[in-house]
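In this note's numbering, the protein residues as written are 1 to 941.
Please keep in mind that the hints were generated in silico from the structure rather than gathered at the bench.
Every value quoted in this text rests on a predicted model; they were computed, and no experiment measured them.
Under the rule of at most 30 Å between Cα atoms (straight-line distance), these lysine-lysine pairs were calculated in the DSS-like manner:
no.	residue 1	residue 2
1	Lys854	Lys689
2	Lys436	Lys448
3	Lys170	Lys160
4	Lys157	Lys170
Restraint-style ranges between C-beta atoms, simulated for each label pair:
no.	residue 1	residue 2	range
5	Gly796	Gly714	29 to 35 Å
6	Leu531	Ala554	24 to 30 Å
7	Arg256	Ser63	49 to 55 Å
Each residue gets a CB set at the ideal place from its N, CA and C atoms; glycine is no exception.
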Amino acid sequence: MQTSPDRHEYPAHWEADVVLRDGGTARVRPITVDDAERLVSFYEQVSDESKYYRFFAPYPRLSAKDVHRFTHHDFVDRVGLAATVGGEFIATVRYDRIGPDGIPASAPADEAEVAFLVQDAHQGRGVASALLEHIAAVARERGIRRFAAEVLPANTKMIKVFTDAGYTQKRSFEDGVVRLEFDLEPTDRSLAVQYAREHRAEARSVQRLLAPGSVAVIGAGRNPGGVGRSVLGNIRDAGFTGRLHAVNKALPEGQRELDGVPAHRSVRDIDGPVDLAVVAVPAEHVPEAVTECGEHGVQGLVVISAGYADSGPEGRERQRALVRHARSYGMRIIGPNAFGLINTSPQVRLNASLAPEMPRPGRIGLFAQSGAIGIALLSRLHRRGGGVTGVTGVSTFVSSGNRADVSGNDVLQYWHEDPDTDVVLMYLESIGNPRKFARLARRTAAAKPLVVVQGARHGAAPQGHAVRATRLPHATVSALLRQAGVIRVDTITDLVDAGLLLARQPLPAGPRVAILGNSESLGLLTYDACLAEGLRPHPPLDLTTAASAADFHAALSRALADDSCDAVVVTAIPAVGEGSIGDAALAEALRSAAAAAPAKPVLVVHVELGGLAEALSAAASTAPQAGTDNPPQNSPDAPQVPSHPTPAEEPPDGTHLIPAYPAAERAVRALAQAVTYAQWRRDAAEPGKVPEYEDIDVRGAATLIDGLLARGKGFTLGADETCDLLGHYGVHVHRTLPAPTPDAAAEAARGLGYPVALKATAPHLRHRADLGGVRLDLADEDQLRRAYAELTELFGTPDELRPVVQRMAPRGVDVVVRAVIDPAAGAVLSFGLAGAASQLLGDTAHRLIPVTDKEATSLVRSIRTAPLLFGWRGSAPADTRALEELLLRVSRLVDDHPEVVAVTLEPVVVASHGLSVLGASVRLAPPPARDDLGPRTLPAY
Numbered sequence: 001m002q003t004s005p006d007r008h009e010y011p012a013h014w015e016a017d018v019v020l021r022d023g024g025t026a027r028v029r030p031i032t033v034d035d036a037e038r039l040v041s042f043y044e045q046v047s048d049e050s051k052y053y054r055f056f057a058p059y060p061r062l063s064a065k066d067v068h069r070f071t072h073h074d075f076v077d078r079v080g081l082a083a084t085v086g087g088e089f090i091a092t093v094r095y096d097r098i099g100p101d102g103i104p105a106s107a108p109a110d111e112a113e114v115a116f117l118v119q120d121a122h123q124g125r126g127v128a129s130a131l132l133e134h135i136a137a138v139a140r141e142r143g144i145r146r147f148a149a150e151v152l153p154a155n156t157k158m159i160k161v162f163t164d165a166g167y168t169q170k171r172s173f174e175d176g177v178v179r180l181e182f183d184l185e186p187t188d189r190s191l192a193v194q195y196a197r198e199h200r201a202e203a204r205s206v207q208r209l210l211a212p213g214s215v216a217v218i219g220a221g222r223n224p225g226g227v228g229r230s231v232l233g234n235i236r237d238a239g240f241t242g243r244l245h246a247v248n249k250a251l252p253e254g255q256r257e258l259d260g261v262p263a264h265r266s267v268r269d270i271d272g273p274v275d276l277a278v279v280a281v282p283a284e285h286v287p288e289a290v291t292e293c294g295e296h297g298v299q300g301l302v303v304i305s306a307g308y309a310d311s312g313p314e315g316r317e318r319q320r321a322l323v324r325h326a327r328s329y330g331m332r333i334i335g336p337n338a339f340g341l342i343n344t345s346p347q348v349r350l351n352a353s354l355a356p357e358m359p360r361p362g363r364i365g366l367f368a369q370s371g372a373i374g375i376a377l378l379s380r381l382h383r384r385g386g387g388v389t390g391v392t393g394v395s396t397f398v399s400s401g402n403r404a405d406v407s408g409n410d411v412l413q414y415w416h417e418d419p420d421t422d423v424v425l426m427y428l429e430s431i432g433n434p435r436k437f438a439r440l441a442r443r444t445a446a447a448k449p450l451v452v453v454q455g456a457r458h459g460a461a462p463q464g465h466a467v468r469a470t471r472l473p474h475a476t477v478s479a480l481l482r483q484a485g486v487i488r489v490d491t492i493t494d495l496v497d498a499g500l501l502l503a504r505q506p507l508p509a510g511p512r513v514a515i516l517g518n519s520e521s522l523g524l525l526t527y528d529a530c531l532a533e534g535l536r537p538h539p540p541l542d543l544t545t546a547a548s549a550a551d552f553h554a555a556l557s558r559a560l561a562d563d564s565c566d567a568v569v570v571t572a573i574p575a576v577g578e579g580s581i582g583d584a585a586l587a588e589a590l591r592s593a594a595a596a597a598p599a600k601p602v603l604v605v606h607v608e609l610g611g612l613a614e615a616l617s618a619a620a621s622t623a624p625q626a627g628t629d630n631p632p633q634n635s636p637d638a639p640q641v642p643s644h645p646t647p648a649e650e651p652p653d654g655t656h657l658i659p660a661y662p663a664a665e666r667a668v669r670a671l672a673q674a675v676t677y678a679q680w681r682r683d684a685a686e687p688g689k690v691p692e693y694e695d696i697d698v699r700g701a702a703t704l705i706d707g708l709l710a711r712g713k714g715f716t717l718g719a720d721e722t723c724d725l726l727g728h729y730g731v732h733v734h735r736t737l738p739a740p741t742p743d744a745a746a747e748a749a750r751g752l753g754y755p756v757a758l759k760a761t762a763p764h765l766r767h768r769a770d771l772g773g774v775r776l777d778l779a780d781e782d783q784l785r786r787a788y789a790e791l792t793e794l795f796g797t798p799d800e801l802r803p804v805v806q807r808m809a810p811r812g813v814d815v816v817v818r819a820v821i822d823p824a825a826g827a828v829l830s831f832g833l834a835g836a837a838s839q840l841l842g843d844t845a846h847r848l849i850p851v852t853d854k855e856a857t858s859l860v861r862s863i864r865t866a867p868l869l870f871g872w873r874g875s876a877p878a879d880t881r882a883l884e885e886l887l888l889r890v891s892r893l894v895d896d897h898p899e900v901v902a903v904t905l906e907p908v909v910v911a912s913h914g915l916s917v918l919g920a921s922v923r924l925a926p927p928p929a930r931d932d933l934g935p936r937t938l939p940a941y
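Between the sequences and the hints, there should be enough to build the whole structure, so can you do that?
What follows is the structure, encoded as structure tokens:
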């Protein structure tokens, strides 16, 4: 720790773990006086060339004066940071504040010189880029707004670090030195660079876990059974293409093999690198295993062991220690309490999990925070008959357990560009960083479907999950995820249903659905289900129970050729009779018709036709030809599905396998989700914009906010201050005058002009017109005084009522507009009709701020009671354009000034022409910290 002469205490909040370009991790922390020996050791391992680039001259060793200078910092004007792995320095960066003359200075000087030194063995890993992000954040915190760096022209790597960072910069050349100056204020480009680097690093870190060249199972028991021995057998039986090792410190001396796998007493005894270690030992022995792995250079861990945060406070502290321990060696962790991971790629074939069978290879990426749910999902995707058929299999599977380190966000980064994954299915019990998840989900959903089911929706997160609290209800979080393109479902059955459709069928171009089949009743059920899901079904076509495979083929071909149809649902029931259609023949007829029109999705609803389900999911090359007899399912001549299918079973790209569902409701629900997602994709391809309004006074609002916050840290503005602040953004609130007496009410009405409204604003009566605390259209003083007397007689004294007078606004539809900054999700804009519609029925829509013009339009139309705004039952349509503009102005206010932590406009009366804001409240507070704008970091432990 720093000594007493230092001007500031050690800034522990600057410590952070970061993921580097190659997927490894490093610890970034301030350099202190205790680091003298580490600094000297680090410098000795740096090449002479790197030293020359740093000091512009031969500099073989650091003097005692140098060591003192580089380890003694005041954490204000002089700051040094180090990147460490295994407790040793791999890179350093420092800044020194300077004045206009270039000599050392103190505040208010806002410029600093910055310099890096990276150990040669770690160059090219993105260490300098990560350190630049962190030292820039530190400098901004200390009032420094600009960095200057002098670099030799030959030091092209360091010049690239600065120029690629995305900051606004100037470049000059003098006396043989390149001088770079750049502002530290984040720009759109610097944030884009940061996000791109984060994506590459986190994706690479997951790729290293999913595609290791060698695996060691630590805790593989000597006797059959047990977790470690089971995982070892699962990896071996799956045909892992890399090197596999069994590790158990209790092995007898001289034992070199376990179940045909090379066996060792310690990871240190393994000859050659180990990329992934599966840890299946009791929790008290895990630290020893982690140390051995770190010293051997293992890249990542899957910790199956339980007894961590899932077991209470003591276990939570043990989990924190585990993460810190692993990260100190640059390793990432899946788990603890994890089910494991699977990669079905023929080049890997890794089943490092507790799943006894390798799932069928396919195009679905599967993530589950729960091991039990992971088992259920793998089982459902693996089955071909009995329910939804396994139309396609899994590309990769990750079960994160307590997700102490690797989370769903990390895996999303990997799947975004994984060529082997077309659809992503996720079971989440908590979202640790909703703001980042929404950002990553939006990017992923623009390229491939992302289907999510969330458990623990109405209660606390599981005990093992450390997540930040959110004040938003689950319905709001779900709405925000849908805005980001996430397909939100409620059950794991829906998750699989949607995934199987999206994995092997094209997206529908619209909601128009053709229905055909050999059962009129099943067709009508499907028709009703389509209407219930908001689709536009055509009348069902009944082919009758006598329909042949050729009849199905012809009907489906006609439906797919119809330009008024976007998707087809085929219904099928068993036929009875000597000439009844066979399952295989029907499957081939449907498949061949669908193949001729591959741009439209086809789904099948089957009742008690298990053979049809299997036949539909079979590859075309192995399916029976149309017209052949279908043998009984238990006949030796029936098509058989091997229990461990080979990768060749996955049909070639472009082959659309038809998903089959045992109930019309399930098929239609999956189709409706695909229709909604396809529309989101089309909308996302042409995003809206955040409009500029000439009458918005950003600087005036900022000045007002700064002055108000000087009074305190968090408070609700008074009426006049609220009107003043909103006025800077073109939001004008109708004046409200207090009326403590009848005479004061009459005087206020004369000033405002009749007709007026008289309102009680006591908390129990505010916005409760149904309780009778409001009198409208008071045309003169006599009516006003009578109304005043009625209110005081009904509800109490004026002191209890707090009556106010307001000029009448044009009649229209009453709505509510709210904005709030949630500490986890960020700024959210909400809209709904005033009164029971939003309060009782929860009919409120939400969007993340900043809201674009297209999002404002969809926000107004997304509530169930939206028809009231568009001329329902002959009423005059409301001015929705004015309403959308109001939403955009409120969004701009909160986005421009994060100190505005809450805004409520209630009621807003939207008339045929224009609108009136009759009530408003604004709350100011210091803005919550935004971790998405700071340097890249892993969650802290």
